[in-house]
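Just so you know, the sequences run in chain order Z and S.
Each residue of the first sequence is one higher than the last, beginning at 0 in numbering that gives the first Met the number 0.
Each residue of the second sequence is one higher than the last, beginning at 0 in numbering that gives the first Met the number 0.
To be clear, the hints were calculated from the coordinates, so they are not data collected in a lab.
Where hints are given, some of them may not hold.
Said to hold, decoys possible - Calculated cross-link-like contacts (lysine-lysine; reagent style PhoX-like; alpha-carbon spacing at most 20 Å):
hint: 1; chain 1: S; residue 1: Lys58; chain 2: Z; residue 2: Lys114
hint: 2; chain 1: Z; residue 1: Lys86; chain 2: S; residue 2: Lys52
hint: 3; chain 1: Z; residue 1: Lys114; chain 2: S; residue 2: Lys52
hint: 4; chain 1: S; residue 1: Lys58; chain 2: S; residue 2: Lys140
hint: 5; chain 1: Z; residue 1: Lys227; chain 2: S; residue 2: Lys246
hint: 6; chain 1: Z; residue 1: Lys227; chain 2: S; residue 2: Lys217
hint: 7; chain 1: S; residue 1: Lys140; chain 2: S; residue 2: Lys52
hint: 8; chain 1: Z; residue 1: Lys213; chain 2: S; residue 2: Lys246
hint: 9; chain 1: Z; residue 1: Lys285; chain 2: S; residue 2: Lys212
hint: 10; chain 1: S; residue 1: Lys135; chain 2: S; residue 2: Lys145
hint: 11; chain 1: Z; residue 1: Lys618; chain 2: Z; residue 2: Lys580
hint: 12; chain 1: Z; residue 1: Lys387; chain 2: Z; residue 2: Lys439
hint: 13; chain 1: S; residue 1: Lys58; chain 2: S; residue 2: Lys27
hint: 14; chain 1: Z; residue 1: Lys387; chain 2: Z; residue 2: Lys332
hint: 15; chain 1: Z; residue 1: Lys580; chain 2: S; residue 2: Lys246
hint: 16; chain 1: Z; residue 1: Lys387; chain 2: S; residue 2: Lys83
hint: 17; chain 1: Z; residue 1: Lys83; chain 2: S; residue 2: Lys52
hint: 18; chain 1: Z; residue 1: Lys83; chain 2: S; residue 2: Lys35
hint: 19; chain 1: Z; residue 1: Lys86; chain 2: S; residue 2: Lys63
hint: 20; chain 1: S; residue 1: Lys217; chain 2: Z; residue 2: Lys198
hint: 21; chain 1: Z; residue 1: Lys476; chain 2: S; residue 2: Lys145
hint: 22; chain 1: S; residue 1: Lys212; chain 2: Z; residue 2: Lys114
hint: 23; chain 1: Z; residue 1: Lys83; chain 2: S; residue 2: Lys58
hint: 24; chain 1: S; residue 1: Lys35; chain 2: S; residue 2: Lys52
hint: 25; chain 1: S; residue 1: Lys58; chain 2: Z; residue 2: Lys86
hint: 26; chain 1: Z; residue 1: Lys476; chain 2: S; residue 2: Lys83
hint: 27; chain 1: S; residue 1: Lys145; chain 2: S; residue 2: Lys35
Below, each chain spelled out in residue letters.
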Amino acid sequence: MRRTLLCIFVIAFAAGAQETVAPTAGERVGSVRGENTGDYNVVQSWEFGYRYASVGGNQGEYRSDVNYHDGFRLLGSSFTVNSKDGKGRWFDEIVLTTQGLGNDPYESATLRVQKNRWYRYDLLWRQNDYFNPGLTVANGAHIEDTTYSWQDHDLTLLPQNWYRIRAGYSRTGQNGPALTSQQIFNAQGTVYPIFRDIKQQYNEFRLGGDILLKGFRLTVQHRWEYFKEDTTDNQAIAVQGAAPQVLSSFYRAQPYRGTTPGWMGNLYFERRWIAVNGRVSYANTKGNFGQNETAMGQDRFGNSQNQQVIVIGNGDRPVLTADLNETLFPEGKFSIVNNSSVANTRMDGNNFFEQFNNANFLFSTINFQLLNIRLVTNAADLRYRFSKRLNIFAGFRFAERRIQSVEDSTVPGSPYFGVTAQQANHTDAGVAGVNWLPLKTLRVHLEGEVGRNDNPFTPVSLRNYHAIRSKIQYRRKTVTLGGGYQENYNNNSIQITAYSSHARTYSADASWNVRSWVSVDASYTRLHLDTLGGIDYFAGAPAQQLTGTSIYISNIHAANLGLRFALSKRADLYAGYNITKDTGDGRTTQSTDPFYNAQTFPLTYQSPLFRLSVRITEKLRYNVGYQYYGYNEQFGLFSTYENFHANTGYTSLLWSF
Amino acid sequence: MHISTFMKRLALILLALPFAATAQPPNKFVGSQVCKTCHPDIWLNFYKNPHFKSIASAKEAEDKTGCEGCHGAGGNHVAAGGGKTTIPRSFTLMSTDRALETCLACHSKDMSRANVRRSSHTEADVVCSNCHSIHKAATPKFLLAKHQTELCYTCHASIRAQFEMPVKHRVNEGVVQCTDCHNPHGSFNSATPTGSSAALVTTALDNEQPCLKCHIDKRGPFVYEHASVRVEGCAGCHMPHGSTNAKLLRRPVTFTLCLECHNGAGTFGRQNNGVFAQSASHNMLDPKYQKCTLCHVRIHGSNADATFLR
Chain Z
0 MRRTLLCIFV
10 IAFAAGAQET
20 VAPTAGERVG
30 SVRGENTGDY
40 NVVQSWEFGY
50 RYASVGGNQG
60 EYRSDVNYHD
70 GFRLLGSSFT
80 VNSKDGKGRW
90 FDEIVLTTQG
100 LGNDPYESAT
110 LRVQKNRWYR
120 YDLLWRQNDY
130 FNPGLTVANG
140 AHIEDTTYSW
150 QDHDLTLLPQ
160 NWYRIRAGYS
170 RTGQNGPALT
180 SQQIFNAQGT
190 VYPIFRDIKQ
200 QYNEFRLGGD
210 ILLKGFRLTV
220 QHRWEYFKED
230 TTDNQAIAVQ
240 GAAPQVLSSF
250 YRAQPYRGTT
260 PGWMGNLYFE
270 RRWIAVNGRV
280 SYANTKGNFG
290 QNETAMGQDR
300 FGNSQNQQVI
310 VIGNGDRPVL
320 TADLNETLFP
330 EGKFSIVNNS
340 SVANTRMDGN
350 NFFEQFNNAN
360 FLFSTINFQL
370 LNIRLVTNAA
380 DLRYRFSKRL
390 NIFAGFRFAE
400 RRIQSVEDST
410 VPGSPYFGVT
420 AQQANHTDAG
430 VAGVNWLPLK
440 TLRVHLEGEV
450 GRNDNPFTPV
460 SLRNYHAIRS
470 KIQYRRKTVT
480 LGGGYQENYN
490 NNSIQITAYS
500 SHARTYSADA
510 SWNVRSWVSV
520 DASYTRLHLD
530 TLGGIDYFAG
540 APAQQLTGTS
550 IYISNIHAAN
560 LGLRFALSKR
570 ADLYAGYNIT
580 KDTGDGRTTQ
590 STDPFYNAQT
600 FPLTYQSPLF
610 RLSVRITEKL
620 RYNVGYQYYG
630 YNEQFGLFST
640 YENFHANTGY
650 TSLLWSF
Chain S
0 MHISTFMKRL
10 ALILLALPFA
20 ATAQPPNKFV
30 GSQVCKTCHP
40 DIWLNFYKNP
50 HFKSIASAKE
60 AEDKTGCEGC
70 HGAGGNHVAA
80 GGGKTTIPRS
90 FTLMSTDRAL
100 ETCLACHSKD
110 MSRANVRRSS
120 HTEADVVCSN
130 CHSIHKAATP
140 KFLLAKHQTE
150 LCYTCHASIR
160 AQFEMPVKHR
170 VNEGVVQCTD
180 CHNPHGSFNS
190 ATPTGSSAAL
200 VTTALDNEQP
210 CLKCHIDKRG
220 PFVYEHASVR
230 VEGCAGCHMP
240 HGSTNAKLLR
250 RPVTFTLCLE
260 CHNGAGTFGR
270 QNNGVFAQSA
280 SHNMLDPKYQ
290 KCTLCHVRIH
300 GSNADATFLR
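The shape of chain S in the complex, shown without the other chains:
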């Protein structure tokens, strides 16, 4: 047997003696200093970990501080000489919902996680330990397992493809982050519309879409609102991640995008009589009229003109 292994086991046995005298259950708390004996690599840099706060304060109860605050009492683990199965809360062996509840025991105190249990991540069994790495974090803030963009792309490969298109929000370039628009812990956004609509989208107090955090001139309120923008949201006309079309539009040119709604048919629109069709003065064979926003410059809403001309 290697000498260092022998010494480690000897140390463990000596440490375990006080606990061996009692029956296995109930499991006892041993304190982080004991854990340090066999896990020096984790302990060495643990003062850089946000969870070190509980140790530094020295005011927390033993079940809420240090290693055992998350992993549970370590008495049996020490007595057994190690092993994952003797750790009450070993995150690699736990079911996902138990891992979630363990973290939420402290972290539900923040309002940004108020909707975590109804989030699409939780429904897909994606919980805290899938994205956060407590002991081998790639980022000092939030202890993410990878840098944010790479982390999200791990599961969302099709979203990565959208951000690599010629027209896109600058996520790969590092100036925009996924969390600018999404709350991975679940958002307050109401449950509709559903289907193809985006998940986990954050909204401001006044239910504004996250787009308006940057596109401030589109906020309004306007005297003449483009009603579909307010009712169906920005994604009615734009692809928010990336597109091969200018201005992230859903179509290469504007007139087909506009005319698909503005056809006067059915009971759509503000007055239940169809979204009004274009004027007879617009000859669609003339390229000028094919670029609707050339004249309708205030298409997101206007304070001066009902047809968004100024």
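Okay, chain Z solo, but in the shape it has when bound:
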């Protein structure tokens, strides 16, 4: 009964987005209309502060999940300039926003500058300190401590004209130290952790334009992508494996250079009862690589080893895509949408592989591989609107996918005798749904889908499946209540695999602005997944081939609650609580079966927070916040527990004018 009451409470007061504690969000200072300077209006706000973090337990998991640390920050800022008559000399609008500048792990900045009729420029810059211990994947041998950075620049010239020119540049990079692993000298040998210096960069340039003429819009874009990787793997000191194995040195360089020139053309036109969009794109990626790997040490029999591997080769991937999308609306209540698509992706590559052991040539191979995927799809949807409050839709999806494969390996000078294969699979699916407003304030959406695939590519792919998606939302002036149910079921059973997957998601949320000075947001979600798969493996010594089932049950309950108070127009208080709890399959003790152990991972992850913002003057606020993070695993996989708790917070001044 208590549980039921608790559930009802949580559902009834269910939650807004759980914000991170800083920067201060939602509380405003000063006049939102800003200051007038000449023909421009300027609004700005800057929040400077100090962030602190105190962490106990597993630092690696904390850095992987949260990663905030001490230091001064420009926690957030916004700066806008608008011309009041829309006829500024050089610009009519500048919008600049930033977050976390000054070494927060999550930093971003956006900039828009535009002059009406002449140009529009957008910049999005982001940087993320990425740390991942990957313990349960590789027992600490795959740590990454890198920085991801992104920047996107887009410039549109003559944005309101009948022809427009678009140019853009994007850059993505990952850099930093990491660990990888390598099993060396023998197939049964020790796996050594290897230091890795990650250096990857991707650059993309775009140039194109639109022409709008007599109801037709033609868009053309040319794109050039460049990818380069200069990551090196290095082990300069001796590492002892299971005696007598030793890896005394290891070095690997594997430079890669890839280019992708591509074209895209899109034609759109619309008339009173029809809209048609057609697109064709072609991109051809070419990658060239080399690899040089040297390793010295002793193998598992105690023999000295000096191994070198040299690989060189290239890969190609031409991709051709064409889409045609037609929408017919012959009269107001009825519409038909049809989409046809063809995509062909061909990946082929070859390499020349040479291995030397103790300076003696061991073997050399030439490889040729091909994977060709052709996909033809069609989707047709019919919609009928009975009234403003009720409409229904139904559709049919069809897909034909053909996969060609060649796998070949041979010695130099010999002809290829590759293994070639081809297969096709066919998917048919039907969808139907209804959108209904039984009351002006109540909205209901329900849709279902049933599909069949005659030859799925993997044992976990969709074969016989259905999906249900439903939502209900009640919205009145100060109250929003919502609920949803979603189900995905797939059965791909054949002998041994007997695979089935059943995912159900239940959600409820509520938002209530009780008074002008108090509001409540809450949500509850339950994600329930159970899968059953057939597996085939070897175990024991001597190894025996065994078949069995892999059962995975995940029962995740997630809830959050947010309360916002405005105290005498002087202070704003936000208090929130967020919890994610996986109850697993209900076991409280570990089984002796290693497969069974691995299938459940109950844990609790919770984070209460509060934030207080106090108005000091018309333009200045003082803010303070605290957020606790607690991560607690109930089952330590491979006897590894990564539990941590962290007390984080910040104090800041927000200056707006």
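Put chain S on the given structure of chain Z with help from the hints.
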């Protein structure tokens, strides 16, 4: 009657006189300056609105500029002394598909909205005015009714739960956005696979999944492709939003994830003879072999080794 109300009505009557002389239909355009008389709160900051461009240019036809560009001719509204029902295009009274078509009259010119009519949002009757607030926007760019993450969470509560898990893409932290991977206006993505697959996912010109925009080292092409990655996509092994498992994996450990496909059964795989089962040299009782990627480090694709060992 309050004096200001009286003055407003008087002003409206005076403004309406020229229109009252003619019959109600056809409705006449009155210009934004007339609207300003009763809606000064909207007009006061309207120069910050992207739609102000049409007024500033002063070159657009009267049915494509200012208030009446979206709401239709205001003659009858003025003559009636206000009221939503006299506005030809009042977005709170319109059916959703009419609201969509009204916005698309101008905004279909952008290619990113080319698939809006077949998008799952449109099918669910979610149209422009559900997410965008033209007069009370929370963001100066795109005029969103709330900040992007909060806006999407309004309907997608279960997705919010995934982004609050310990392992997740940093959406709540503000460094990743929903629109990095999804186009809410409909994507060019073809119609299959369907069912549990993600909706509105954006793809690059070469049909790459949005994951590869950031995870650049997984792009390839590789001499040895992990075929299921290319055929079924990243979501075959990973939960893209959030997970309780390391590396956003669908299982807590790798060996069960791998073995569910690599069981040698049926006609699956590249050669129609099952996805090959593991080697007899792998004793699965040994923890070393339970962490498949400890040795198969290049699991997304390799240029040197067919079994992704280097």
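Consistency of the hints with the structure:
1. S:Lys58 / Z:Lys114: Since the Cα atoms of S:Lys58 and Z:Lys114 sit roughly 16 Å apart, the hinted pair holds (cutoff 20 Å).
2. Z:Lys86 / S:Lys52: Holds: Z:Lys86 and S:Lys52 sit about 9 Å apart, inside 20 Å.
3. Z:Lys114 / S:Lys52: Between Z:Lys114 and S:Lys52 the Cα gap is close to 9 Å, so the pair holds against 20 Å.
4. S:Lys58 / S:Lys140: violated (24 Å)
5. Z:Lys227 / S:Lys246: violated (24 Å)
6. Z:Lys227 / S:Lys217: Holds, at about 12 Å.
7. S:Lys140 / S:Lys52: holds (14 Å)
8. Z:Lys213 / S:Lys246: violated (51 Å)
9. Z:Lys285 / S:Lys212: holds (17 Å)
10. S:Lys135 / S:Lys145: holds (9 Å)
11. Z:Lys618 / Z:Lys580: violated (42 Å)
12. Z:Lys387 / Z:Lys439: holds (10 Å)
13. S:Lys58 / S:Lys27: Measuring from Cα to Cα gives roughly 19 Å; hence the hint holds.
14. Z:Lys387 / Z:Lys332: holds (10 Å)
15. Z:Lys580 / S:Lys246: Given that 20 Å is the threshold and the Cα spacing comes to 18 Å, the pair holds.
16. Z:Lys387 / S:Lys83: holds (16 Å)
17. Z:Lys83 / S:Lys52: holds (11 Å)
18. Z:Lys83 / S:Lys35: holds (15 Å)
19. Z:Lys86 / S:Lys63: OK: Z:Lys86 and S:Lys63 at ~19 Å, within 20 Å.
20. S:Lys217 / Z:Lys198: Holds, at about 14 Å.
21. Z:Lys476 / S:Lys145: holds (16 Å)
22. S:Lys212 / Z:Lys114: violated (30 Å)
23. Z:Lys83 / S:Lys58: holds (18 Å)
24. S:Lys35 / S:Lys52: holds (17 Å)
25. S:Lys58 / Z:Lys86: Judged against 20 Å, a Cα distance of about 13 Å means the pair holds.
26. Z:Lys476 / S:Lys83: Roughly 18 Å between the alpha carbons, so the hint for Z:Lys476 and S:Lys83 holds.
27. S:Lys145 / S:Lys35: Violated - the C-alpha atoms of S:Lys35 and S:Lys145 are around 26 Å apart, more than 20 Å.
Violated hints, listed in ascending order, are 4, 5, 8, 11, 22 and 27; each of the other numbered hints is respected by the structure.
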